[in-house]
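Asks: Chains as they are written, first to last, in numbering that gives the first Met the number 0: chain B, 0 to 377; chain Z, 0 to 377.
Accuracy of the hints is not assured; some may be wrong.
What the hints assert, rightly or not - The calculated BS3-like cross-link candidates involving lysine-lysine, where the alpha carbons are at most 27 Å apart (straight line), are:
(1) B:Lys-26 to Z:Lys-26
(2) Z:Lys-125 to Z:Lys-363
(3) B:Lys-279 to B:Lys-322
(4) B:Lys-84 to Z:Lys-84
(5) B:Lys-139 to B:Lys-84
(6) B:Lys-26 to Z:Lys-273
(7) Z:Lys-312 to Z:Lys-289
(8) Z:Lys-84 to Z:Lys-139
(9) B:Lys-363 to Z:Lys-26
(10) Z:Lys-26 to B:Lys-322
(11) Z:Lys-139 to Z:Lys-108
(12) Z:Lys-125 to Z:Lys-136
(13) B:Lys-186 to B:Lys-136
(14) B:Lys-279 to B:Lys-125
(15) Z:Lys-125 to Z:Lys-84
(16) B:Lys-26 to Z:Lys-322
(17) Z:Lys-363 to B:Lys-26
(18) B:Lys-289 to B:Lys-363
(19) Z:Lys-139 to Z:Lys-125
(20) B:Lys-108 to Z:Lys-84
(21) Z:Lys-139 to Z:Lys-186
(22) Z:Lys-279 to Z:Lys-363
(23) Z:Lys-312 to Z:Lys-322
(24) B:Lys-312 to B:Lys-279
(25) Z:Lys-108 to B:Lys-139
(26) B:Lys-108 to B:Lys-139
(27) Z:Lys-139 to B:Lys-108
(28) Z:Lys-26 to B:Lys-273
(29) B:Lys-322 to B:Lys-289
(30) B:Lys-312 to B:Lys-289
(31) Z:Lys-312 to Z:Lys-279
(32) B:Lys-312 to B:Lys-322
(33) B:Lys-84 to B:Lys-136
(34) Z:Lys-125 to B:Lys-84
(35) B:Lys-139 to B:Lys-125
(36) Z:Lys-312 to B:Lys-108
(37) Z:Lys-322 to Z:Lys-363
Unchecked claim - Computed footprint of chain Z on chain B, listed as stretches where at least three residues anywhere in the stretch have a Cβ under 8 Å from a Cβ of chain Z:
(38) 3 to 17
(39) 24 to 33
(40) 329 to 337
No wet-lab data here; the hints were simulated from the structure. Computed from a predicted model, the values in this text were never measured in an experiment. Where a beta carbon is used, it is the ideal one built from N, C-alpha and C, also for glycine.
There are 2 protein chains.
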Amino acid sequence: MIYFDNAATSGVKPSQVISAISNALEKYSANPGRSGHALSFEASHQVYSAREKLDSFFNGYGSEFVSFTSNCTEALNIAIKGVLKGGDHVVISCLEHNSVVRPIYKLQKEIGVEYSIFDVYEDEMKTLRSFESSFRKNTKLCVVTAVSNVFGTILPLASLSAIAHSRGALFFVDGAQAAGVIPVDMKNQGIDCLCVPGHKGLLGPMGIGAIIHNNLDFTTIIEGGTGTASFDYSQPSGYPERLESGTLNVPGICGLSAGIDWVNDYTCHRIFNKETALAKSVSDGLSLMKNVILYGDLPHGKHHAPVISFNVKGLHSEQVSLKLNDGGVAVRGGYHCAGLSHRFMGTEATGTVRVSPSVFNSEKDVNILLNLVENIAF
Amino acid sequence: MIYFDNAATSGVKPSQVISAISNALEKYSANPGRSGHALSFEASHQVYSAREKLDSFFNGYGSEFVSFTSNCTEALNIAIKGVLKGGDHVVISCLEHNSVVRPIYKLQKEIGVEYSIFDVYEDEMKTLRSFESSFRKNTKLCVVTAVSNVFGTILPLASLSAIAHSRGALFFVDGAQAAGVIPVDMKNQGIDCLCVPGHKGLLGPMGIGAIIHNNLDFTTIIEGGTGTASFDYSQPSGYPERLESGTLNVPGICGLSAGIDWVNDYTCHRIFNKETALAKSVSDGLSLMKNVILYGDLPHGKHHAPVISFNVKGLHSEQVSLKLNDGGVAVRGGYHCAGLSHRFMGTEATGTVRVSPSVFNSEKDVNILLNLVENIAF
Numbered sequence: 000m001i002y003f004d005n006a007a008t009s010g011v012k013p014s015q016v017i018s019a020i021s022n023a024l025e026k027y028s029a030n031p032g033r034s035g036h037a038l039s040f041e042a043s044h045q046v047y048s049a050r051e052k053l054d055s056f057f058n059g060y061g062s063e064f065v066s067f068t069s070n071c072t073e074a075l076n077i078a079i080k081g082v083l084k085g086g087d088h089v090v091i092s093c094l095e096h097n098s099v100v101r102p103i104y105k106l107q108k109e110i111g112v113e114y115s116i117f118d119v120y121e122d123e124m125k126t127l128r129s130f131e132s133s134f135r136k137n138t139k140l141c142v143v144t145a146v147s148n149v150f151g152t153i154l155p156l157a158s159l160s161a162i163a164h165s166r167g168a169l170f171f172v173d174g175a176q177a178a179g180v181i182p183v184d185m186k187n188q189g190i191d192c193l194c195v196p197g198h199k200g201l202l203g204p205m206g207i208g209a210i211i212h213n214n215l216d217f218t219t220i221i222e223g224g225t226g227t228a229s230f231d232y233s234q235p236s237g238y239p240e241r242l243e244s245g246t247l248n249v250p251g252i253c254g255l256s257a258g259i260d261w262v263n264d265y266t267c268h269r270i271f272n273k274e275t276a277l278a279k280s281v282s283d284g285l286s287l288m289k290n291v292i293l294y295g296d297l298p299h300g301k302h303h304a305p306v307i308s309f310n311v312k313g314l315h316s317e318q319v320s321l322k323l324n325d326g327g328v329a330v331r332g333g334y335h336c337a338g339l340s341h342r343f344m345g346t347e348a349t350g351t352v353r354v355s356p357s358v359f360n361s362e363k364d365v366n367i368l369l370n371l372v373e374n375i376a377f
Numbered sequence: 000m001i002y003f004d005n006a007a008t009s010g011v012k013p014s015q016v017i018s019a020i021s022n023a024l025e026k027y028s029a030n031p032g033r034s035g036h037a038l039s040f041e042a043s044h045q046v047y048s049a050r051e052k053l054d055s056f057f058n059g060y061g062s063e064f065v066s067f068t069s070n071c072t073e074a075l076n077i078a079i080k081g082v083l084k085g086g087d088h089v090v091i092s093c094l095e096h097n098s099v100v101r102p103i104y105k106l107q108k109e110i111g112v113e114y115s116i117f118d119v120y121e122d123e124m125k126t127l128r129s130f131e132s133s134f135r136k137n138t139k140l141c142v143v144t145a146v147s148n149v150f151g152t153i154l155p156l157a158s159l160s161a162i163a164h165s166r167g168a169l170f171f172v173d174g175a176q177a178a179g180v181i182p183v184d185m186k187n188q189g190i191d192c193l194c195v196p197g198h199k200g201l202l203g204p205m206g207i208g209a210i211i212h213n214n215l216d217f218t219t220i221i222e223g224g225t226g227t228a229s230f231d232y233s234q235p236s237g238y239p240e241r242l243e244s245g246t247l248n249v250p251g252i253c254g255l256s257a258g259i260d261w262v263n264d265y266t267c268h269r270i271f272n273k274e275t276a277l278a279k280s281v282s283d284g285l286s287l288m289k290n291v292i293l294y295g296d297l298p299h300g301k302h303h304a305p306v307i308s309f310n311v312k313g314l315h316s317e318q319v320s321l322k323l324n325d326g327g328v329a330v331r332g333g334y335h336c337a338g339l340s341h342r343f344m345g346t347e348a349t350g351t352v353r354v355s356p357s358v359f360n361s362e363k364d365v366n367i368l369l370n371l372v373e374n375i376a377f
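Bound conformation, chain B alone (with noise of 0.2 Å):
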C-alpha cells in the first residue's frame, strides 16, 4: 500500500525508532522517577535525555519545562485549561483543529471563556490586520496552529506572537504538523507554549506528545502519583512533574528520542524539501486534471506544508479516498477533525481528500496516484 496520510501518523516508522522501543521494554522495563534501582534509573535517564532533545530541537525554555502527554490533543488541554479562567478572552485562527476548538468550546459553556476567530489569508499583513482585530480588553490567550492539518497552510508565527505579546497576551501553538517538518524555534518566534505530537513528522509511535512550554504557571487538569512529595496531598508545584502524573510511556518516549535523531540526522530542512517537492509534484498533476478542484495555496515554500487537499467534482471526497484505497493508495478523505477550517474554506459539504506525503514517499508513488486520480476524475 502506498502511504499518503503522513498528517494522520507517519506510516514509516525509522528501524531505530522500532528497535528503541523493543530495547526499552526488554532491557529497562522500570519505571522512571519512582525507585531508587539501577533499572529505573536507566528508564530515568532515557526519558532526561528525550526531555533535552526536545528542548534542544524547538529552542525551548529548558528541559524541565518539557513534559510529556500521550498526544498533541491532551498537551492542548493542559495548556488551554491550564491558563484560562471565567471572563478570559481567547484568539484562535480559523484554521483550528477540533483539538483546540473543543477544549475552548467547553471553557465558554461552562464558565463562560469568550473565543474569537481570526480569518488567514495568502496576504500575511491581511492575516496580522485580521488577528489584530480580533484582540479585547480581555485577551488573555492566543492559540494559534503552525500549519493546517487540511489545507497545509503555514501560519506567519514570529508576527502574530509581536503582536500577541504587544497585546499583553500569551501566545500557544499547535504544532501538530509543523513538529518534524517546518522549523519551529520557542525563542525566536516568541512561542509561550508550544505542543506536539510524537507520532507524525517527529516519527516516534503513536501515544507520545508534549508540552513545552517557558515556566508559565498552569493549573492542572490531572493529578496524581509523580514519584515524589508523596505526602503533599496537592499535586507538586515543580516541573516537569507538575504536568506528569501517573506512569509515563517510557518506550513511547525512547521511539520518540530515536525519531528525533533521525530527523536530526537528516535534518528538517531537507525533510521539507523532500516532502515539499512531493507535494508540488501532486498539486501540479492534480491542477492539469479539469474536474478537480484544489485547495490553498500550491506548495512554494513559503505558506505551504506539504499537505495537499482536493476535491473531484460530483464526488465526496469519502467517495475519492475508497477509490484511492481500492488502488491501494492510503489518503484521507473526510473533515480532518477541523470543522471550523471547513467553514473557512467553503467544503463543508464535501470535505476534502487530503495528501500528506512523507520523506518516504517517491514520485513513483506520486505518479501511481496521479494516476488513479486521473481515472477517478474523467
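Once you've looked at the hints, dock chain Z against the given chain B.
Replies: Just chain Z now, kept in the frame of chain B:
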C-alpha cells in the same frame, strides 16, 4: 538484575507483547478511526479487539464502555472528575494512592467537594462498619483501591459496593495492583467504573491504561478530535469516543492486547498462586529476621495480594533498597505515592521497602533477596 518491583511496572514483558508492538509499528502504522483506508481499518480492528478483551476480562458492560487512557491515573482523573460536582461527598479508603487522593483534594479546594476516609482492618466486618459510618446524605461516590499498592491488602469489593449502592452512591475501583493478579468482576462485584493500567499485571507496555464503566454520564476533562462529528464543537457524547480525544496509542493497545492473551492463557488464578507462593516465601523468610519489621497481613491468599512491605530497624527504607540494588536486586523503597497508607500504618518516618514479585520470578530469586536482607539486617 533480579526484578522485584512489579507493582511499579512489570519488569518482564512476554515476547508476544514486544512482537505485537513491533508488528503494529511496522505493519499498520495508521491512525484508527480517522481514515477510510485499509491500514487505518486494520488499526481500528486491533483497537476494537483489545476493547473486547478488556471488557470480557473484567466482565464489563460492553466494549463501547472501554476507553483507552495513557495510564491508570488519567483514567481515575477522568472517572472522579467526570461525576463529582461542588457539594458532593466522596468516600475513599485509608489505603488510596495519590492518583485518587490528589484529584479529590483538588476538587475539595476548587469546587468544595467533601471527602471522608474509612479505615481498613483485617476483620472485614470492622472495615465494612468503618465504610458505612463514612456515608453522608450527599455521598455521591466511593473510590476504593482493589489492592493496597504498599501493603498488598485486598479490599472486600463486593461487600463495599453493596453498601455503596444501598446508599445510592456510585462505586469506582482503582484496579492498579489488581488487574491481571486477582479476579476483578465488574458485574458480580458491583463495580460501576474500573480504572486499570496496562503495564502492570496485564503485562502490556507503559503508556496505556483504560477506564471501563457502566454507561455512566461522565463530563469530560479532555476534548478534541475523535474522528467523528467534525463540525460539532461539543465533544461527541457517544462512547468510547467521548473519553478518547486525539490519536490513540495503537502500539501500546496492541501490546496490552497481547499481554491480556498471555494472562488468559496462563490464567489469573495460576498467576496469583505463583506470585503468592513467592510472596509467602519472602514474608516467611523475613519474619525470621529479628531486625526486620513486616507490615500488613502475611500473604495467605484471602486478604493479601503478592506485595510485601518491610523495614530494617534503624534504616530508612531507601537505604535498604539502595543496598539491595548494589546486591543486584531491584525493589522500591520510600512512600510509593501513597502518603495516606503510611499515615495509616505509622510508617511516615521511614516509608517501606516493597517487594512485588511477578510470575516470572523464582524461589531462587527469593533466596538471593533474603540472603541480602539478612546481611543488611544483621
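Asks: When the hints from earlier in the document are held up against this structure, which numbers fail?
Replies: 2, 15, 34 and 36
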